[in-house]
Amino acid sequence: QQQVKQSPQSLIVQKGGIPIINCAYENTAFDYFPWYQQFPGKGPALLIAIRPDVSEKKEGRFTISFNKSAKQFSLHIMDSQPGDSATYFCAAFRDNYGQNFVFGPGTRLSVLP
Amino acid sequence: DAGVIQSPRHEVTEMGQEVTLRCKPISGHDYLFWYRQTMMRGLELLIYFNNNVPIDDSGMPEDRFSAKMPNASFSTLKIQPSEPRDSAVYFCASTLAGSSYNEQFFGPGTRLTVL
Chain A
1 QQQVKQSPQS LIVQKGGIPI INCAYENTAF DYFPWYQQFP GKGPALLIAI
51 RPDVSEKKEG RFTISFNKSA KQFSLHIMDS QPGDSATYFC AAFRDNYGQN
101 FVFGPGTRLS VLP
Chain B
1 DAGVIQSPRH EVTEMGQEVT LRCKPISGHD YLFWYRQTMM RGLELLIYFN
51 NNVPIDDSGM PEDRFSAKMP NASFSTLKIQ PSEPRDSAVY FCASTLAGSS
101 YNEQFFGPGT RLTVL
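Protein chains in written order, with this note's numbering: chain A, 1 to 113; chain B, 1 to 115.
None of these hints come from the bench; they were simulated from the model. There may be inaccurate statements among the hints.
Which bits of chain A does chain B cover? Going by a derived footprint, with three or more residues having C-beta under 8 Å, they are [stated by the list, open to error]: (1) 13-24; (2) 44-58.
Straight-line Cα separation of at most 27 Å, DSSO-like style, residue types lysine-lysine; simulated pairs [as the list claims (entries may be wrong)]: (3) B:K24 x B:K78; (4) B:K78 x B:K68; (5) A:K42 x B:K68; (6) A:K57 x A:K42; (7) A:K42 x B:K24; (8) A:K5 x A:K42; (9) A:K57 x A:K68; (10) B:K78 x A:K15; (11) A:K15 x A:K58.
Only some residues are given here: those of chain A computed to face chain B with a beta carbon under 7 Å [said to hold, decoys possible]: (12) Y32; (13) P34; (14) F39; (15) P105.
Where is the CB? At the ideal position from N, CA and C, for every residue including glycine.
Isolated chain A (complex conformation):
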């Protein structure tokens, strides 16, 4: 119930393409769903996050789509650039006392020039 499943494990797209990374969760008690981005040799950093009361959130070229009934959410990267090449982690958090959260296994994205 605490797991978040993430796919694909790796993804290669051409510059300008729209990579899509999918995640699914089981526990409906989760309150928000962030995506973290990790560049080689660096720690993960928060990229964008969404709460389940909205179905979509955009920040620049990054969009989260959220399907509450299906318990799924996805990250879309519009007009992808080689600089977007990184590992992306979805996560699910509970907004209560304490830190109930889980990270997905990660997707390694390569954007070819």
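Got chain A sorted already, so can you dock chain B onto it with the hints?
This is chain B only, laid out in the frame that chain A set:
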């Protein structure tokens, strides 16, 4: 703020030796997390602290691993004795409860190699 600070950045040691990793969280943050990252297992939460108190250490792989947080600005993760399978990148992260999306701020990591 300098962000989360970890030291050393790289550590190479021999099997059986004691290894101590260090972390300084962002000032004012009340949660501190230790993670381990490998290609095979991804990002694993080892332990986390709230106000210097360990809350959940269920991710600590075995008794060879221990973590302490003697004060709000310092934490250590110790492995004794170290084994080759402990080779990984270890991250420390911190957050402030109630902040936007409880955003966790990660340090640059310590790359540990046990020969």
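Hints versus structure:
Under the rule that three or more residues need a Cβ within less than 8 Å of chain B, the assignment of the segment 13-24 of chain A is violated, with 0 such residues. Counting residues of the segment 44-58 of chain A whose beta-carbon sits less than 8 Å from any beta-carbon of chain B gives 4, enough to reach three: the coverage restraint holds. Of the pairs offered as hints, the one joining B:K24 and B:K78 holds, with about 15 Å between alpha carbons and a cut-off of 27 Å not exceeded. At roughly 8 Å between alpha-carbon atoms, B:K78 and B:K68 fall within 27 Å of each other, so this suggested pair holds.
A threshold of 27 Å between alpha carbons decides the hint, and for A:K42 with B:K68 the separation of about 24 Å falls inside it, so the pair holds. Proximity of A:K57 to A:K42 is assessed by CA-CA distance (about 26 Å); at most 27 Å being required, the pair is judged to hold. Restraint check for A:K42 and B:K24: the C-alpha separation of about 16 Å stays at or below 27 Å, so the hint holds. Using a Cα cut-off of 27 Å, the hinted pair A:K5 and A:K42 holds, with the two alpha carbons roughly 23 Å apart.
Our distance criterion of 27 Å between C-alpha atoms is met by A:K57 and A:K68, whose separation comes to about 14 Å. Annotation: proposed proximity of B:K78 to A:K15 is violated, straight-line Cα distance about 43 Å (limit 27 Å). Restraint check for A:K15 and A:K58: the C-alpha separation of about 20 Å stays at or below 27 Å, so the hint holds. With a least beta-carbon distance of about 6 Å to chain B, the hint placing A:Y32 at the interface is held under the 7 Å criterion.
Below 7 Å, beta-carbon pairs count as interface contacts, and A:P34 has one with chain B at about 5 Å; its hint therefore holds. Given the 7 Å rule on beta carbons, the hint for A:F39 is violated: about 11 Å separates it from the nearest Cβ of chain B. A distance limit of 7 Å between C-beta atoms decides the matter here; for A:P105 the minimum to chain B is near 4 Å, and the interface restraint holds.
Checked against the numbered hints given earlier, the structure breaks hints 1, 10, 14 and satisfies all the rest.
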